[in-house]
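Enquirer: If you want the building blocks of each chain, they are given just below.
Protein chains: 2
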Amino acid sequence: MSNGCWIWYPGDFELYHAMVQNFSRVERGYGWPAFWKSEGFRNRVVFWKIYTLEEETEFCVCSKATGHVLVGEKKYPFGTRIVCGPGRWKISIHAGRIEEFPSVFVKGDVIYSDADWYAEDYANAPVKAGCSRYFTDETREPSRWDYSEQIYEPVHIEPCLDGVLYEFETELTAVLEVQDKRGYRPLVLSCGESREEALDPQHCYYSWTPDPETGRCPRCAVRYVYIAGCRPEELTLRAIHQYVDIPVRAKFSCSDERLNKIWQVAEHTFRLCSGIFFVDGIKRDKWIWGGDAYQSFFVNRYLMADADINRRTLLALRGNDPMTTHINTILDYTLYWVLGIKAHFETFGDLEFLESVYPRMCSLMDFCESQLDENGFIVGRKGDWIFIDWADLDKEGALCAEQILFAECYHTLAVVSRVLGADEKGYQRKYDDLRKKIDRFYWSDEKGAYIDSFRSGRNYVSRQSNLFAVLFQIADDGKKALIVENVIHNDRIPRIMTPYFKFFEMEALCRMGYLDEVLAQIRDYWGGMLDRGAVTFWEEYDPNVSAEEQYDMYGDKFGKSLCHAWSASPIYLLARYFVGMEIIDPVKEEYRIRPHLERFKYLECTLPVGRKNVHIVWDGEKLCVEERKDDDEGKGHT
Amino acid sequence: MSNGCWIWYPGDFELYHAMVQNFSRVERGYGWPAFWKSEGFRNRVVFWKIYTLEEETEFCVCSKATGHVLVGEKKYPFGTRIVCGPGRWKISIHAGRIEEFPSVFVKGDVIYSDADWYAEDYANAPVKAGCSRYFTDETREPSRWDYSEQIYEPVHIEPCLDGVLYEFETELTAVLEVQDKRGYRPLVLSCGESREEALDPQHCYYSWTPDPETGRCPRCAVRYVYIAGCRPEELTLRAIHQYVDIPVRAKFSCSDERLNKIWQVAEHTFRLCSGIFFVDGIKRDKWIWGGDAYQSFFVNRYLMADADINRRTLLALRGNDPMTTHINTILDYTLYWVLGIKAHFETFGDLEFLESVYPRMCSLMDFCESQLDENGFIVGRKGDWIFIDWADLDKEGALCAEQILFAECYHTLAVVSRVLGADEKGYQRKYDDLRKKIDRFYWSDEKGAYIDSFRSGRNYVSRQSNLFAVLFQIADDGKKALIVENVIHNDRIPRIMTPYFKFFEMEALCRMGYLDEVLAQIRDYWGGMLDRGAVTFWEEYDPNVSAEEQYDMYGDKFGKSLCHAWSASPIYLLARYFVGMEIIDPVKEEYRIRPHLERFKYLECTLPVGRKNVHIVWDGEKLCVEERKDDDEGKGHT
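Respectively, the protein sequence lines represent chains L and P.
Each number in the numbering used here corresponds to the 1-based position in the first sequence with 38 added.
Each number in the numbering used here corresponds to the 1-based position in the second sequence with 38 added.
So that you can see chain L by itself, here it is in the shape it has in the complex (with noise of 0.2 Å):
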C-alpha cells in the first residue's frame, strides 16, 4: 500500500505556513509578526470521495486530527485497517483540528487520497481537496515544512576584536552550528548580511546563544559571523543552508562580464527569497508582500518556471473569502494580486488554478467597489496603506497610479471572464469608463503628463503615474511621447529610488524601446552594487549614499535588507526584452523571440517555455535556437 498524498482543504496549506512564514520575523532579540489581519485555515472539515469498487479492497487512514472515518454508515477510528466492497461506497473523513490545519493520508490500493477527493468546511459547496508534489510521504505531515539542506564551511576565519569573525562564501538561510572544543559556554553569534553589521553585536539583527545540546541556532540570514570572548583554534562553525529545492532552469551567459555577474547574483537574491512563498527579503521582513511577489512572478517565469511556487504565494496572499481589508493593507497590493493571476496564467495557461480563484477575483473587485468616491474612483479607507512607491507623491484623494491599476484588474477580469466562459458582469464596461475618467481627471495639457492627484490642485506629476500610464496602455501614443518628454527625459521630475519600481521604469522603457538606455541602467544601478561588495542585490540602493551609510534604512543602521527579492528584475528584463523572449501560448507551449542582441559580441542562454527548455545561442551575427524537453535530450532548429 504505497499510493496516496496528504490533502487538505485547499488554502489552508498556504494561510497555515503564511502565518508560519509571516510571524517569522525577528529583530534583536523580539518577534515582529506582520501587522495586517491574519487569515486563520479551517479548523473542520469532511473529505470524500465515492468510489465503484469491483471487489473487496482495503485501505487506511492517516491523520493528526480528531475524528473518524465514515463508509457507508460506519465509523472507523483513524489507524485503523478498513475493508469495503465490492460496490458504490462513499468514503468520508471527518476531521478537526486547531494547532494546525487538517490533513489526512489515505493509503491503499484502489482507495487513496489524490487532489480527485472532494474537501468541505461546512460553509461551502464542495471543492476538490489541496495536495502538493513536496507531501506525497506517510511520514512527512504537511504541516511541517523540510528544508532541503546544503552544508557551508567558512571560507575566511579571522581574529577579530575580542573574538573571531567567520566569512562564508555567500549570503545564505541557515542553521549555524558551532562545536565549542573548550565544552559549553554561553556564547554569543552576531549575524551579519555585511560584515559590519556581524562586528557591532549591539546593532545586528541576530544574535543567538546557541542550543546547549545541539549546539546550533535558529535559521536566519547570514554571511558574516562574530563570536566575541573566543580564539579561532576553539571553535568549529559551520552553516547548515536550508532552502526549498526549486530547480533553476534558465540559464545565462554573454560577452558582457558585468551582466553575467549581475544575473549570477539576481539568481542568488531570488533564489533565496524563493522559499515556500515569494518573501520580500531573507533578513527582513521575511513577509508575503503582494507588491513583491508580483515582480516575483515575472522573474520566476523566466528563471525556474516554478508554478507552484505561484500558486502558493497567491493563495497566501489573498485569504478567505469574504474579503474585509486590503492585501498587507495596501491598497495597490490587493490589487497586483489580480494582476499576479494574469501574470502566472499567461507563464502557465493554468486554467484549474484560473477556474478555483476566479470567485476570489470577483469578490476582490467587489470589496474595491465598495470603497469608490464620488468620481467612481478608488480611494483608502481609514487604515488603508496607499503605497505606489517609497516617495513623495501627491497622496491626496483619489491617486492616479491606483486608478491605473484598478483600471488593469477590470481589463484581467473582462479578459479571464471571457476564457473561463463566465458571465462578464460589466469588467470590459467599466475598464473603458475608467480609463476614459483617467484621462479627464488626471492629463494635464499644461503638464503634458498625467498628475498623481487632482483634489490638492498641486498638479503634481511623478515618475510612478507616467510609468504606469505606459505600461498599462492607459496614455495613447501621443502621450506616450510627451510623457518621454516631460517626466522620463526631464531631470527635474525626482528620480526613481527603489529597485521595486525600477522594475516598471525599466519595463515601460524597454517597451518604447530605449534598450540602450535601460542596459546602461542595468549596468551602472546593479552593477553599482556589485562595486560595493553585493553577493545579493539590495532592498535599495542610492549610489550618492557613502560606504558608511549604505546599509542605513527606516533610520535603522542595518535596517536595510541586502538582499531583496525584487532587485532581481535584470534576469525578467534581459531574457523579455533582449533576448525577446515572449510566451504565446503557455499550454501549447508557443513562444516567439524577437531578440535585441545587436548590443551583445555573444549570448548564450536557456530559458524554459512550459516543459521545454529553450536553448538560444547567438554568435554576434546569427540566432541559433534549440528545444529541448526539460530533463530531456535536445533537438534543434536554426
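Any given hint could turn out to be false.
No copy is singled out in the list; a pair is fine if it fits within one copy or between any two copies.
Claimed, not checked - Calculated lysine-lysine pairs in the DSS-like style (CA-CA distance at most 27 Å, straight line):
| no. | residue 1 | residue 2 |
| --- | --- | --- |
| 1 | K112 | K626 |
| 2 | K166 | K112 |
| 3 | K289 | K299 |
| 4 | K468 | K380 |
| 5 | K87 | K113 |
| 6 | K595 | K87 |
| 7 | K433 | K639 |
| 8 | K420 | K433 |
| 9 | K463 | K380 |
| 10 | K299 | K420 |
| 11 | K463 | K626 |
By construction, these hints were calculated from the structure, which means they are not laboratory data.
Please build the complex by placing chain P on the supplied structure of chain L, with the hints as guidance.
Expert: This is chain P only, laid out in the frame that chain L set:
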C-alpha cells in the same frame, strides 16, 4: 508587582475553547468533532492602552505569543523589565500566535493588563480586551482551563462476569485512576452512565486503557466502571471528578419529597452540563447547541445566576462576523441566539455585553433576511437544518414555528435598539408585519389552530407551532382558547416526547394558568425517570418504553444521553411559576413574587436576584420573604 490579568481579543477565548469542547466527543474509540463550521480565533492582534504617568514606573509583559512591546518608538521583547514615564505613553503589545489565541499578561504597579485595555485585529475598530475572573494568575495561561477537582471513591464494588463492577454515588465527569497491585497490566475500563452500559464492553461509549505511567484515563462521563479479567482485591479505583466551580445560589425544599428529589436531580444534571459552556450532555454530544443553551439560560437565572457562563456560551455560539452559516447549522438555533441575549439581559441587565453584541445581532438579522421566500417568510437554504423538535412536523416550505421565532427576534431587536438608543432600522414595523402575516397564512379557521405549513396543503396541526404561538404572544386570547381546546387538550394531536419541548409546553401551560397540570407532569414525567433509577435527567424519556430499551436512542443501544441539560427545566418552572419569582429590574435588583403555593403545605427556597439572595418561606398560610446579600448577612421583611 501583582496586579493584572490575562487579556485577549474579545471572543477569542470562547471560540478557542468552544472548538476544544466541540472536538472532544469520543465514541467507541473514534473522535466525532461537531459537524458545523468551526470558527477560528484571531492569530494576530495588538493590545494597547494610553497611560498618563505621574512618575517613572516599570512593568513586564508575559506571553507565549510571538511579538514585542512598543513603548513610544522603542520595542522590547516579552519578559523584559520595561521602565517608562513620566508623561503620556502609549503601550502597545504586538502578538501573533497560530496554535492558540494570542493572550498577554502585563504586570506592574501602575501599568497592568485589565478590561480597560483595547484590542485590535487589523480588520475592525478597537474594542475592549477580553478577560475572565478565572485567569488572573500569571502562571495560569488562558488556553488551558484547569478544572476544579473532587475525589470520589466507589460506593459499591462487586465481582461481576469475569471481572469487577464499580459504582459511584452519582454520575460524574471524571478522570478514572486505577492502581493495580499486581503491577501494570493493559486493563480495559468500560464506562457506563448505566450499569448495563458498563457491563457491555462492546457497546459502551467509553473504554479506556489507563496510561501506564499515571494509571489515569481521559476525562469522561461515568457512573459505573467494569474491568474485565481481574478481582476486586487486586485493584484500587477512584474517580477524579473535574468540574467548573460555579456556585449554586438557589436552595429548595418543600413538603413534597418527590419534588425535592426532582429539584436535586435537576440541579445535579444542570451542574454537570455547566462547564466552560452550557453543553447538551456530558456523555454525548458534549457540544454547544444553541437551542439547548437557550433553555439553560432560564435555569441558570434561578439556580446559579452566573452571567459569565451565559456570555461565554453566547460568544462561542455566534462566532465572528460576517455570518455565513446558521448556528449549529440549524435555522431555529440561530434565532434562539437572539432570544438568548434577551433572556440574559433580563436576568443580569448586562448593558455592556448587550452593546458589544448588538452589531452581531443586527448582522444576524441581515443574514436571516437574505433567505426569505416570496412571501417574506424565512426558509432554509440547502444544507440548513429546520429542527424545532424531534417530532413529525410538516416541514414543507416555510414553517410556522420558525416564523414565530423570527418575529420574536424582530421584537427583541426593536426592544434592544430602544434600550441602547440605536437606530431602530424598522424592526418594530417588521415585527408587526410578520405577526399579521403569520395569522393570515398559518391560522386555520377550520382547524381552530395554527398549521405547520401552508405550502403542502396538508393543514397539519402540531403542538409545537401552537405552543410557540401562545408563548411568543402571536395568538390573541380568542385564539389561545381555541388552541387549548383544539390542540393542547386534544389527545389526537401527537404528544410532546422530548424534555426539550416539554420546557416550552410547560411554560405555555403555566402562562395560561394550568398549574395543576404542570405540577402533575413534573411529578409524573420527571418523577418517572426517578422511578427508573435516574440520578440525572435524560435526553428523552418515554414512559411506555420497556426497561430493556430505555437507554436506546438514534438506533444505538446506549445512544441516549442520561445527563442532559434540557431536562433540568423543573427548576425554572418551580421558581418562576410556583414560587412566582420574576425579575423586574436586574440592575436595581427589583423583583416581584406572585406565588402559586396553595398546592404546597410547606415550601422554603432561596433564589438569586442580582447580588441578592431572596429567601422565601411558605408555611401553608403566609409567605415570608427575606433578602440577603450573596455571601452576606440577611435582612428580612415579611
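Enquirer: Now tell me, hint by hint, if it's right for this structure.
Expert: Comparing the hints with the structure gives:
1. K112 / K626: Neither: 47 Å inside a copy, 56 Å across copies.
2. K166 / K112: Within one copy, since 24 Å is at most 27 Å while 47 Å is not.
3. K289 / K299: within (12 Å within a copy, 86 Å between copies)
4. K468 / K380: within (18 Å within a copy, 47 Å between copies)
5. K87 / K113: within (15 Å within a copy, 51 Å between copies)
6. K595 / K87: Neither, since 57 Å and 30 Å both go past 27 Å.
7. K433 / K639: For K433 and K639, the Cα distance exceeds 27 Å both inside one copy (46 Å) and across copies (82 Å).
8. K420 / K433: within (14 Å within a copy, 47 Å between copies)
9. K463 / K380: Classified as within; 18 Å inside a copy, 43 Å across copies.
10. K299 / K420: So K299 and K420 fail the 27 Å test inside a copy (45 Å) and across (61 Å) alike.
11. K463 / K626: neither (29 Å within a copy, 57 Å between copies)
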